[in-house]
Amino acid sequence: MVQKKRVIAAWLAVNLVGFSAAAHAYLDPGTGSILVQSLLAGIAGAAAVVSLYWQRVKAFFVNLRKSSRDAHSATSTDNDGI
Amino acid sequence: MPTVQLRPTTTESEAAIRPEPGSFRDPGGRIYWYGERVLRTVMPSAAQDFDYVEASGLIPKLVERGMLIPQSHLSLELLGAAAGDAAYLLEHPKLEFISHPDEWPFRALQAAALLQLDLYLAALEHGVTLSDATAYNIQFEGVRPVFIDRLSFRRYVDGQFWLGHRQFCEQFLNPLLLRALFGIPHNAWYRGSPEGIGAAELSALLPLRKKFSWRVLTNVVMQGSLQKTRSSDAQQAVASNKLRFPKPAFERLLRGLREWIAELQPADRQPTTWQEYAGHTSYRNTEAEAKRKFVGRFVSENKARTVWDIGCNTGDYSVAALHAGARSVIGFDFDQGSLDLAFDRARSEKLAFTPLFLDVTNPAPDQGWGQAERRGLRARAKADAVLALALIHHVAIGKNVPLGDVVGWLTDMAPRGVIEFVPKSDPMVVELLKLREDIFPHYNEEHFVQCLEERARIVQSETVSASGRKLFAFERAVT
Chain A
1 MVQKKRVIAA
11 WLAVNLVGFS
21 AAAHAYLDPG
31 TGSILVQSLL
41 AGIAGAAAVV
51 SLYWQRVKAF
61 FVNLRKSSRD
71 AHSATSTDND
81 GI
Chain B
1 MPTVQLRPTT
11 TESEAAIRPE
21 PGSFRDPGGR
31 IYWYGERVLR
41 TVMPSAAQDF
51 DYVEASGLIP
61 KLVERGMLIP
71 QSHLSLELLG
81 AAAGDAAYLL
91 EHPKLEFISH
101 PDEWPFRALQ
111 AAALLQLDLY
121 LAALEHGVTL
131 SDATAYNIQF
141 EGVRPVFIDR
151 LSFRRYVDGQ
161 FWLGHRQFCE
171 QFLNPLLLRA
181 LFGIPHNAWY
191 RGSPEGIGAA
201 ELSALLPLRK
211 KFSWRVLTNV
221 VMQGSLQKTR
231 SSDAQQAVAS
241 NKLRFPKPAF
251 ERLLRGLREW
261 IAELQPADRQ
271 PTTWQEYAGH
281 TSYRNTEAEA
291 KRKFVGRFVS
301 ENKARTVWDI
311 GCNTGDYSVA
321 ALHAGARSVI
331 GFDFDQGSLD
341 LAFDRARSEK
351 LAFTPLFLDV
361 TNPAPDQGWG
371 QAERRGLRAR
381 AKADAVLALA
391 LIHHVAIGKN
401 VPLGDVVGWL
411 TDMAPRGVIE
421 FVPKSDPMVV
431 ELLKLREDIF
441 PHYNEEHFVQ
451 CLEERARIVQ
461 SETVSASGRK
471 LFAFERAVT
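Going line by line, the protein sequences match chains A and B.
For the first sequence, our numbering assigns the number 1 to the initial residue and increments by one for each residue that follows.
For the second sequence, our numbering assigns the number 1 to the initial residue and increments by one for each residue that follows.
Any given hint might turn out to be false.
To be verified - Some chain A residues flagged as far from chain B (calculated, every beta-carbon gap over 12 Å):
| no. | residue |
| --- | --- |
| 1 | Y26 |
| 2 | V50 |
| 3 | W54 |
| 4 | V57 |
| 5 | F60 |
| 6 | V62 |
| 7 | S67 |
| 8 | R69 |
| 9 | D70 |
Claimed, not checked - Derived CB-CB ranges, DEER-like:
| no. | chain 1 | residue 1 | chain 2 | residue 2 | range |
| --- | --- | --- | --- | --- | --- |
| 10 | A | A47 | B | L208 | 49 to 55 Å |
| 11 | A | R56 | B | V157 | 29 to 35 Å |
| 12 | A | R56 | B | P93 | 55 to 61 Å |
| 13 | B | G84 | A | D28 | 21 to 27 Å |
| 14 | A | D28 | B | E349 | 41 to 47 Å |
| 15 | A | V57 | B | K211 | 34 to 40 Å |
| 16 | B | K228 | A | A47 | 27 to 33 Å |
To be verified - Here are some chain B residues the structure puts well away from chain A; computed CB gaps all over 12 Å:
| no. | residue |
| --- | --- |
| 17 | G57 |
| 18 | A82 |
| 19 | L163 |
| 20 | R166 |
| 21 | F168 |
| 22 | E170 |
| 23 | A199 |
| 24 | R209 |
| 25 | T218 |
| 26 | K228 |
| 27 | Q450 |
| 28 | V459 |
Honestly, the hints are just simulated from the structure, not real lab data.
Just so we're clear, the structure is a prediction, and the values are computed from it rather than from any experiment.
Glycine included, C-beta positions come from ideal geometry on N, C-alpha and C.
Whenever a hint applies, use it, and build me the whole structure from the sequences.
Take a look at the structure:
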């Protein structure tokens, strides 16, 4: 259990590198809360990455279909041109 | 910044300045009492943030929407030496009554939690966040929550964590979940633990099946278990500020909590004893009507502006007092179901009525640091009049408190009031004595009148039921 927690915490620590202002922290935010927020940020980040790649995958297929349609319509035009 | 010039400080007025003992945690400023006026200093450490928030345009919007207590700027000279090196001085209107979250019914804590989240969401739109999320920063005007700490608003830095998340969970979410998941009111636990209910404590109570909800898992279970994490990696990452919490994730967390909390309902929603009591057969409509009239006449004749209704039930006589001209009524009861109904009623009828939880035999003591941080009920009692209808038998017979002591407690509460005496022949008293020995030979009207006359002057009395229930209006010298 402890080992598992350590792995989660390490994952969070390594995964989310950036900048954060701890200004005005007269209040102790608590390790639990910070780690949960890091997890939520990680999930949001992962969702953004997945969404970005999904857009790319989608765009690839859309383009593929478009280009095949273009090719098809180009052929048709050629045919019409006969 | 516009300032109001006031008369120069004199030795006499300096003596009237005293720091509020409950305002010491945030070094960014402090509340001072100047006689009956409420002043707030802003220290140089918080001045830059204060200016930023003023310039953001957020404050007037929140004040206009009734979410934040108004503020005006004063000259620092007013505080004299007490101002120290303060950068600014503000004045806020004095509140009628300060209540604490352990006195709030479920609905009040829920309304306060939603206000706290709405403040965060509104603030973030203006590039502002809050430094904390303590329930003690929220007070009630009627049943409308209002935020009272201007200094909680600070500049938001992109990627900054929600520093008040843990406090929000401990002081709002977890106490609400206690009632919503288990049907246990938060009041007793909150009284003993003024900082709220910890995530690990609540998590330990949860059965496994309740831990699978994503919201419970993240905000309660994980927060509770990770709080105890001693992993050096995590601690180092937190300490070195290498983690960030993007604004969209922050807003999503706030909205998720808002949606969740708005839907929470007490798990024990079946009618409780006192809700049934309101429609009890021994409690005929003509009797209730006679009592309402007596209370109304008493309030209007005495021009009572602030009234405390001890044992308010769902608020029938509080409403009668308001209709007779009282400006505000604070109602107290120990029955959660009645308080929830009273709160809903005050909200739907837009009444200046605040129903609060009180066990008469165990009122709030002075609590917190130096036993001065959160003042007990007696120190906060400043009502013009007190109402105690259908109460005295529950305390004198139900709790064995000597009749004279009950009368003394009530007459101490306000210089005038109405007390109902319920005789032993009344069905409600018969019920109280059904399973126990009658050890109250002196519980009778004659002794009650004697006790009351030792402390006050009886100005009016009226029998309101066939069983011999009688209302007494009293008046005593103002101390």
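Here is how each hint holds up against the structure:
no., hint, in the structure
1, Y26, "5 Å, violated"
2, V50, "15 Å, holds"
3, W54, "18 Å, holds"
4, V57, "23 Å, holds"
5, F60, "26 Å, holds"
6, V62, "26 Å, holds"
7, S67, "35 Å, holds"
8, R69, "36 Å, holds"
9, D70, "37 Å, holds"
10, A47(A) / L208(B): 49 to 55 Å, "27 Å, violated"
11, R56(A) / V157(B): 29 to 35 Å, "32 Å, holds"
12, R56(A) / P93(B): 55 to 61 Å, "57 Å, holds"
13, G84(B) / D28(A): 21 to 27 Å, "26 Å, holds"
14, D28(A) / E349(B): 41 to 47 Å, "42 Å, holds"
15, V57(A) / K211(B): 34 to 40 Å, "35 Å, holds"
16, K228(B) / A47(A): 27 to 33 Å, "28 Å, holds"
17, G57, "20 Å, holds"
18, A82, "22 Å, holds"
19, L163, "4 Å, violated"
20, R166, "4 Å, violated"
21, F168, "9 Å, violated"
22, E170, "9 Å, violated"
23, A199, "6 Å, violated"
24, R209, "20 Å, holds"
25, T218, "5 Å, violated"
26, K228, "8 Å, violated"
27, Q450, "55 Å, holds"
28, V459, "52 Å, holds"
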